[in-house]
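Position 80, counted from 1, in the sequence shown is what my numbering calls 80; the numbers after and before it change by one each time, with no gaps.
Treat the hints as calculated values from the structure; they're not laboratory data. Each hint should be verified, as a subset may be incorrect.
Label-pair ranges, simulated between beta-carbon atoms [unchecked claim]:
hint : residue 1 : residue 2 : range
1    : Gln93     : Asp229    : 20 to 26 Å
2    : Arg87     : Val23     : 29 to 35 Å
3    : Glu6      : Gln93     : 27 to 33 Å
4    : Pro99     : Lys201    : 27 to 33 Å
5    : Arg21     : Ile135    : 41 to 47 Å
Within a straight-line C-alpha distance of at most 30 Å, the following computed DSSO-like cross-link-like pairs (lysine-lysine) qualify [stated by the list, open to error]:
hint : residue 1 : residue 2
6    : Lys33     : Lys228
7    : Lys140    : Lys33
8    : Lys33     : Lys201
9    : Lys34     : Lys239
10   : Lys33     : Lys171
11   : Lys171    : Lys228
12   : Lys140    : Lys201
13   : Lys187    : Lys228
14   : Lys171    : Lys140
15   : Lys34     : Lys201
16   : Lys140    : Lys34
17   : Lys171    : Lys34
18   : Lys201    : Lys239
19   : Lys171    : Lys187
20   : Lys34     : Lys228
21   : Lys239    : Lys140
22   : Lys33     : Lys239
23   : Lys140    : Lys187
24   : Lys201    : Lys187
25   : Lys228    : Lys239
26   : Lys201    : Lys171
By construction, the Cβ of each residue, glycine as well, lies at the ideal position given by its N, Cα and C atoms.
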Amino acid sequence: MISGEEIHLAVSSLAKSFDGRGVILDDVSFSIKKGDAVALIGGNGSGKSTLLRCCLRLVEPDRGEISLLGMPVTSLRRSPLRALRSRVGLIFQRHNLVPRLTVLSNVIHGSMNSGWGFRRWRQGFAPAEIREQAIGCLEKVGLPHLANSRADQLSGGESQRVAIARALMQKPDFIMADEPVASLDPKVGREVMDLFVNLIKTENITFLFVSHDLEHALTYSNRLMAMKDGVLHLNGETKDYQTADLHEIYG
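Make a model of the complete structure from these sequences and hints.
This is the structure we're talking about:
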């Protein structure tokens, strides 16, 4: 296992199988340094989304070791695992906003691990300091004017920006995103990815994103990993790869 305080994620000999689907992850090992922006690409069923979930033990691996932000993920009990997850912003293709609540309430939800209470959030109450932080996060994604709009009134791009603001409310050290712009049109997708990259630089956040878009992978990462049939085939600096190298993964 690779160790060191500058390593934010280290995975060693990770394996996962599912009944009826066979081997999904086969002896996967890699490390990600603090401040890296890492693209994880691969075809459908290659194991990339399962790998992301294993890193947070949202899916339990069959074997292997995972160290995330210096913590041994695979051996943590429930309470410290929950505390570790609170330091990681997780963003999916489906933004998972609460439709009937305001944008501000959805963003505030990201701060509930600070201990001020789920019940007060459900009732629409939050400390003034928390509300100010939420507005600040909306300003970072360019949407403070939508704070009082309902989440179900937003466009796809706006919804994903709100999901990013909600993740920022956690004050994360790491953001993991699974196909964060796959459901958006190309122009909006590029705008959201530009936002991601600018924020991780200014906020000093490590970023791992799953993508099927080769242009995004080459444009928005400094490191690139590629999976095929559960095996990690490429793992290196993005500048060392060409589009032709990546197309082989999908062949």
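Going down the list of hints, with the structure as the test:
no.: 1; hint: Gln93 x Asp229: 20 to 26 Å; result: 22 Å, holds
no.: 2; hint: Arg87 x Val23: 29 to 35 Å; result: 30 Å, holds
no.: 3; hint: Glu6 x Gln93: 27 to 33 Å; result: 30 Å, holds
no.: 4; hint: Pro99 x Lys201: 27 to 33 Å; result: 32 Å, holds
no.: 5; hint: Arg21 x Ile135: 41 to 47 Å; result: 44 Å, holds
no.: 6; hint: Lys33 x Lys228; result: 23 Å, holds
no.: 7; hint: Lys140 x Lys33; result: 24 Å, holds
no.: 8; hint: Lys33 x Lys201; result: 14 Å, holds
no.: 9; hint: Lys34 x Lys239; result: 18 Å, holds
no.: 10; hint: Lys33 x Lys171; result: 18 Å, holds
no.: 11; hint: Lys171 x Lys228; result: 33 Å, violated
no.: 12; hint: Lys140 x Lys201; result: 13 Å, holds
no.: 13; hint: Lys187 x Lys228; result: 28 Å, holds
no.: 14; hint: Lys171 x Lys140; result: 13 Å, holds
no.: 15; hint: Lys34 x Lys201; result: 11 Å, holds
no.: 16; hint: Lys140 x Lys34; result: 21 Å, holds
no.: 17; hint: Lys171 x Lys34; result: 15 Å, holds
no.: 18; hint: Lys201 x Lys239; result: 18 Å, holds
no.: 19; hint: Lys171 x Lys187; result: 28 Å, holds
no.: 20; hint: Lys34 x Lys228; result: 26 Å, holds
no.: 21; hint: Lys239 x Lys140; result: 29 Å, holds
no.: 22; hint: Lys33 x Lys239; result: 17 Å, holds
no.: 23; hint: Lys140 x Lys187; result: 20 Å, holds
no.: 24; hint: Lys201 x Lys187; result: 22 Å, holds
no.: 25; hint: Lys228 x Lys239; result: 21 Å, holds
no.: 26; hint: Lys201 x Lys171; result: 14 Å, holds
In this structure, only the earlier hint numbered 11 is contradicted, and the remaining ones agree with it.
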